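Engineer: Assemble the complex: chain A is given as a structure, and chain B must be docked to it using the hints.
So the protein sequences, as listed, match chains A and B.
Numbering follows the numbering used here, with no gaps: position 393 of the first sequence is 397.
Numbering follows the numbering used here, with no gaps: position 81 of the second sequence is 82.
Since the hints were derived computationally from the structure, they do not count as laboratory data.
Here the structure is a predicted model, which means the values were calculated and not measured.
Some hints here could point you the wrong way.
[What the hints assert, rightly or not] The list that follows gives simulated cross-link-like pairs (lysine to any residue, SDA-like), each with its CA atoms no further than 20 Å apart:
hint	chain 1	residue 1	chain 2	residue 2
1	B	Lys296	B	Gly262
2	A	Lys342	B	Ala387
3	B	Lys196	A	Met37
4	A	Lys410	B	Ile269
5	A	Lys410	B	Ser203
6	B	Lys144	A	Gly341
7	A	Lys410	B	Asp149
8	B	Lys105	A	Asn23
9	A	Lys342	B	Val146
10	B	Lys196	A	Glu469
11	B	Lys144	A	Glu469
12	B	Lys196	A	Pro32
13	B	Lys394	A	Ile38
14	A	Lys342	B	Ser268
15	B	Lys144	A	Glu220
16	A	Lys291	A	Glu220
17	A	Lys342	B	Tyr272
18	A	Lys342	B	Lys105
19	A	Lys208	A	Gly341
20	A	Lys291	A	Pro258
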Amino acid sequence: MSALWLISCEYEQTDYRYNLGADFISDPTRVVMIDTLTVHTYTTATDSVITSREDRLLAGRFENKLGVVTTAESYFRLDPCEIFELSETAVFDSACFILYPDDYEFGDTTMVCDLAIHALTENIVADRRYEYLYNVSGFAFDPVPLGTFSYDLTKRDRFLEEENNIVSIVVRVPDEYGKQFYQMLEDENDNLDSLLDNKDKFAKKYKGYTIRPANEKSSYIMGFNAVTDSTVTPKLRIYYHDYSENDELFFDYPLEDFTEYAGDLFDLTTSEKNSYAFSTIRNDYSKSPFVGIDVGRDFSQNKIVSTKTQNATMIQAGLDVRTRIEIPTIDELYFEGKGAVVQAILYLEPLTGTYDKEYQLPSSLELYLVDKKNRPYGQVIDFDQATPITAQLVFNNEIKGRSYYKVDLTRFIRDEYLSVEDPFFTLQIAYPQSEIGSCVDQLILGNQKNLEDELILELYISYYEIKE
Amino acid sequence: MKLKNKLRHNILALIVIMFLIPFYSNGQSNTSSPYSKFGIGDLASVAYGRNLALGETGYGLRDMYFINLKNPAAVTAVDSMNFLFEMGVNVKTTRSDAVEHDEKYWNGNLTHIVASHRINRSLMASYGLMPYTNIGYRLRTMKVVEGDETFALTDWEGSGGINKLFLNLGLKFSEKFSLGGEFAYYYGPVTESRKTWTLQQSSNPSFYHTSTKYRGASFKLGAQLTIPINTNGSSLNIGGAFSTGQRLWGTSEILIQQQYGSSAIDSIYYYEDNATSVFSPMSYGVGFGLTLKGKYLLAGDIEMADWRTVNDDRAYIPQAIYSLGFEILPTNKQSYLSRCSYRFGYRYDSGYVQTKGFDIDDIRFSVGLGLPIQKSASMINVSFEAGQRGTEKLGLVRERYSQLTVAFSLQDFWFIPMKVN
Numbered sequence: 005m006s007a008l009w010l011i012s013c014e015y016e017q018t019d020y021r022y023n024l025g026a027d028f029i030s031d032p033t034r035v036v037m038i039d040t041l042t043v044h045t046y047t048t049a050t051d052s053v054i055t056s057r058e059d060r061l062l063a064g065r066f067e068n069k070l071g072v073v074t075t076a077e078s079y080f081r082l083d084p085c086e087i088f089e090l091s092e093t094a095v096f097d098s099a100c101f102i103l104y105p106d107d108y109e110f111g112d113t114t115m116v117c118d119l120a121i122h123a124l125t126e127n128i129v130a131d132r133r134y135e136y137l138y139n140v141s142g143f144a145f146d147p148v149p150l151g152t153f154s155y156d157l158t159k160r161d162r163f164l165e166e167e168n169n170i171v172s173i174v175v176r177v178p179d180e181y182g183k184q185f186y187q188m189l190e191d192e193n194d195n196l197d198s199l200l201d202n203k204d205k206f207a208k209k210y211k212g213y214t215i216r217p218a219n220e221k222s223s224y225i226m227g228f229n230a231v232t233d234s235t236v237t238p239k240l241r242i243y244y245h246d247y248s249e250n251d252e253l254f255f256d257y258p259l260e261d262f263t264e265y266a267g268d269l270f271d272l273t274t275s276e277k278n279s280y281a282f283s284t285i286r287n288d289y290s291k292s293p294f295v296g297i298d299v300g301r302d303f304s305q306n307k308i309v310s311t312k313t314q315n316a317t318m319i320q321a322g323l324d325v326r327t328r329i330e331i332p333t334i335d336e337l338y339f340e341g342k343g344a345v346v347q348a349i350l351y352l353e354p355l356t357g358t359y360d361k362e363y364q365l366p367s368s369l370e371l372y373l374v375d376k377k378n379r380p381y382g383q384v385i386d387f388d389q390a391t392p393i394t395a396q397l398v399f400n401n402e403i404k405g406r407s408y409y410k411v412d413l414t415r416f417i418r419d420e421y422l423s424v425e426d427p428f429f430t431l432q433i434a435y436p437q438s439e440i441g442s443c444v445d446q447l448i449l450g451n452q453k454n455l456e457d458e459l460i461l462e463l464y465i466s467y468y469e470i471k472e
Numbered sequence: 002m003k004l005k006n007k008l009r010h011n012i013l014a015l016i017v018i019m020f021l022i023p024f025y026s027n028g029q030s031n032t033s034s035p036y037s038k039f040g041i042g043d044l045a046s047v048a049y050g051r052n053l054a055l056g057e058t059g060y061g062l063r064d065m066y067f068i069n070l071k072n073p074a075a076v077t078a079v080d081s082m083n084f085l086f087e088m089g090v091n092v093k094t095t096r097s098d099a100v101e102h103d104e105k106y107w108n109g110n111l112t113h114i115v116a117s118h119r120i121n122r123s124l125m126a127s128y129g130l131m132p133y134t135n136i137g138y139r140l141r142t143m144k145v146v147e148g149d150e151t152f153a154l155t156d157w158e159g160s161g162g163i164n165k166l167f168l169n170l171g172l173k174f175s176e177k178f179s180l181g182g183e184f185a186y187y188y189g190p191v192t193e194s195r196k197t198w199t200l201q202q203s204s205n206p207s208f209y210h211t212s213t214k215y216r217g218a219s220f221k222l223g224a225q226l227t228i229p230i231n232t233n234g235s236s237l238n239i240g241g242a243f244s245t246g247q248r249l250w251g252t253s254e255i256l257i258q259q260q261y262g263s264s265a266i267d268s269i270y271y272y273e274d275n276a277t278s279v280f281s282p283m284s285y286g287v288g289f290g291l292t293l294k295g296k297y298l299l300a301g302d303i304e305m306a307d308w309r310t311v312n313d314d315r316a317y318i319p320q321a322i323y324s325l326g327f328e329i330l331p332t333n334k335q336s337y338l339s340r341c342s343y344r345f346g347y348r349y350d351s352g353y354v355q356t357k358g359f360d361i362d363d364i365r366f367s368v369g370l371g372l373p374i375q376k377s378a379s380m381i382n383v384s385f386e387a388g389q390r391g392t393e394k395l396g397l398v399r400e401r402y403s404q405l406t407v408a409f410s411l412q413d414f415w416f417i418p419m420k421v422n
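Chain A extracted, bound-state conformation:
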């Protein structure tokens, strides 16, 4: 008998669905789009950012649309030169720093960047525990520069080395200073007590150098190659001649190659920890509405509401300035009934006029969960519990100022919607942390009240008919 039931199935299955019109059925589930939920945004600062162990050094100064002045200074040390036999007829000519811009610039690149190189008068000391150096580190230097230079991007070709097709900047240092470096090799040749044998002693005498803005002018911040053992390694080059044929001779004191360094820190497991090249990056907020953001012992707990900062917030690499986002009234979604969050998309627009080309905007931003004191809990992750959520740049080539970042906040909003407790965490948007120590890129984002570059939170909610 039961065999009869075996044939009681459909043999042909299709996914087609008929539409018989709304005359007699309509879905009682309401799908509602809400874009009026309040979103508060704030700018927050970060205590410090690691800037050592990067392949780039930064120097320069620029001022953004909101009056925030960012200054960058490079610090680095040199290695002793390679020891070789100088000809007896050799004579010192001159000494120059040779620096290689790496084509990173941020700021007003139509201006000229004036920089100076100073010798340090204080030893570079890394953080004792982790052997890092930070954007807030800084060491005393001789106020009289060894040399100054100006880099004009509009005349970049002048800096092109024809043989290598790379851009280099040559900064001549005073002869009496350069001669010391020539003399060291000569002393070594003469078996006198020389610093070239002992890296530690060398580093104690020649403590290092800093590249910093030569004056109070703001233009842009530029990047220099800081890779070791390469044609683009920065160096102090000593020129000499010995009356032979083709006697334009030189030898180099290159950027400290920390990978070979074994000195006092032999107990460290990775040689990378011996990198003493880093950049100092500071913001001067005194002329901007963000004044006070870096005041206090734990200033990373500070937050400045965007309505007080021209309806805009900042995000900046180098200092890790972040934008904090608070959505305090998610529970108001229950006013319409019981439902489920279908999707939540946040649109953030950089201020029109703060960018021009796509490369000037980071292609993505990272999102963190932070508590009331901006202490991070972790990255915001997607429903799969593994993929971090990012805000992706949607660049509009057609219309200037209509580019935006789009981020899917569905999981966060859903969690908050379902949670009966007061929210413990909120959101913070940051520059991608992997690149944060090697650039000063910044973004200025409009808030919900910014008429031209408005922040929009679009929510789709399903509301159900539920009898209770």
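Structural biologist: Same frame as chain A, but now just chain B:
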């Protein structure tokens, strides 16, 4: 001996029926029609075997060898010596045509299982189990997202069906007049799932699942009157039946879910609740059966039910069913072919819903054969129906179907001891 035989039949019938109840409880998927979303689903046939081939006529039909379920008074025609048992299966193929989509499907099922016999000299009974409605649909509706210029789509999927367990009692007042009553109990599951999604957020659909177990009861009263015309085998039977409206009620389990991409589904709410009751209206019908010279039978029925009385929805309309049947009756000759019955029928059903301005009506023709088994009164009744429902206009669906039903009518003598015994 008499008692023993009677018991044996009773027990057999009961065992078979009891055995089938759990199968029926699971509900069937005996249809795949978008129109089964309406009301309580696609109404299954109310009568089988002979009736089906005669356009489902039956108010005025009386026969001692056939179970006629359409009119409960007809049970008194069954010879008091007989025990009748009938069971049927069908197979149906449907071709659905909509403007941009055609599909074809098959399904098959057990149609009914009925036993009929006398209780005492004037009281006769039949009882059994059959499907009452079948539900199986896939639909899509569309609405605007509030506060946005996009659309939300809803995919509906329904399945299940209601079964009917019934007892017919017929009382013979005289050779000419009988009354009958049918007590029916309805039960069965109906499930519906809605998937709502917007065009922009198609990977995050919302689900609303409802699973309802319905039950209900109804009573049907029927009467038949026989008017002899002359003695050469011509007679006229007229009959009518009235059925109370019925309410199906039950409890629903409701589960609401929200899906997020491929990795997460939230169960938002789960609750049990009284289901929205489903009503069907009272119905009444009259019909006749005219036997001519013992050779031919002509039958006609009219049946009415006003669905507006139980549904506020403007989609519901009054239902009228007209049916006609013609049969060449078997003659007592040696030739097998002349001992067969030949049946023809026509049925028009206005349907009880209207959508987009069209009545979803149903027209069908039927032909059938009654094939006697050896020289007994047992028969195999084969019916073939072909019909059409709905329209292809305005995006609606026209269903063209053909259905083959085979019913086994088994007759045994009630009070005569088996020869073998």
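Engineer: Indicate, hint by hint, whether the structure satisfies it.
Structural biologist: Each hint tested on the structure:
1. Restraint check for Lys296/B and Gly262/B: not satisfied, since their Cα atoms lie roughly 70 Å apart, outside the 20 Å limit.
2. With a C-alpha separation of about 49 Å, the suggested pair Lys342/A and Ala387/B falls outside the 20 Å cut-off, and the hint is violated.
3. Only pairs whose Cα atoms come within 20 Å are accepted, and Lys196/B paired with Met37/A is accepted, the gap being roughly 18 Å.
4. Restraint check for Lys410/A and Ile269/B: not satisfied, since their Cα atoms lie roughly 27 Å apart, outside the 20 Å limit.
5. At most 20 Å may separate the alpha-carbon atoms for a hinted pair to count; Lys410/A and Ser203/B meet this at roughly 18 Å.
6. A hinted pair counts as satisfied when its Cα atoms are at most 20 Å apart, and Lys144/B with Gly341/A qualifies at roughly 19 Å.
7. Between the alpha carbons of Lys410/A and Asp149/B the distance comes to roughly 18 Å, so the proposed pair stays at or under 20 Å and holds.
8. A hinted pair counts as satisfied when its Cα atoms are at most 20 Å apart, and Lys105/B with Asn23/A qualifies at roughly 17 Å.
9. Annotation: proposed proximity of Lys342/A to Val146/B holds, straight-line Cα distance about 17 Å (limit 20 Å).
10. Of the pairs offered as hints, the one joining Lys196/B and Glu469/A holds, with about 15 Å between alpha carbons and a cut-off of 20 Å not exceeded.
11. Simply put, Lys144/B and Glu469/A have alpha-carbon atoms about 16 Å apart, close enough for the 20 Å limit, and the pair holds.
12. With a C-alpha separation of about 12 Å, the suggested pairing of Lys196/B with Pro32/A holds against the 20 Å cut-off.
13. A distance of roughly 38 Å separates the Cα atoms of Lys394/B and Ile38/A; the hinted pair therefore is violated under the 20 Å criterion.
14. Using a Cα cut-off of 20 Å, the hinted pair Lys342/A and Ser268/B holds, with the two alpha carbons roughly 13 Å apart.
15. For the suggested pair Lys144/B and Glu220/A, the alpha carbons sit about 63 Å apart, so the restraint of at most 20 Å is broken.
16. The hinted pair formed by Lys291/A and Glu220/A meets the criterion: a straight-line CA distance of about 14 Å does not exceed 20 Å.
17. Between Lys342/A and Tyr272/B the CA atoms are separated by roughly 13 Å; this keeps the pair inside 20 Å, and the hint holds.
18. Only pairs whose Cα atoms come within 20 Å are accepted, and Lys342/A paired with Lys105/B is rejected, the gap being roughly 41 Å.
19. The hinted pair formed by Lys208/A and Gly341/A fails the criterion: a straight-line CA distance of about 72 Å is larger than 20 Å.
20. Distance hint between Lys291/A and Pro258/A is unfulfilled; the C-alpha atoms sit about 39 Å from each other, more than 20 Å.
Going down the numbered hints, you'll see the structure goes against 1, 2, 4, 13, 15, 18, 19, 20, while the others check out.
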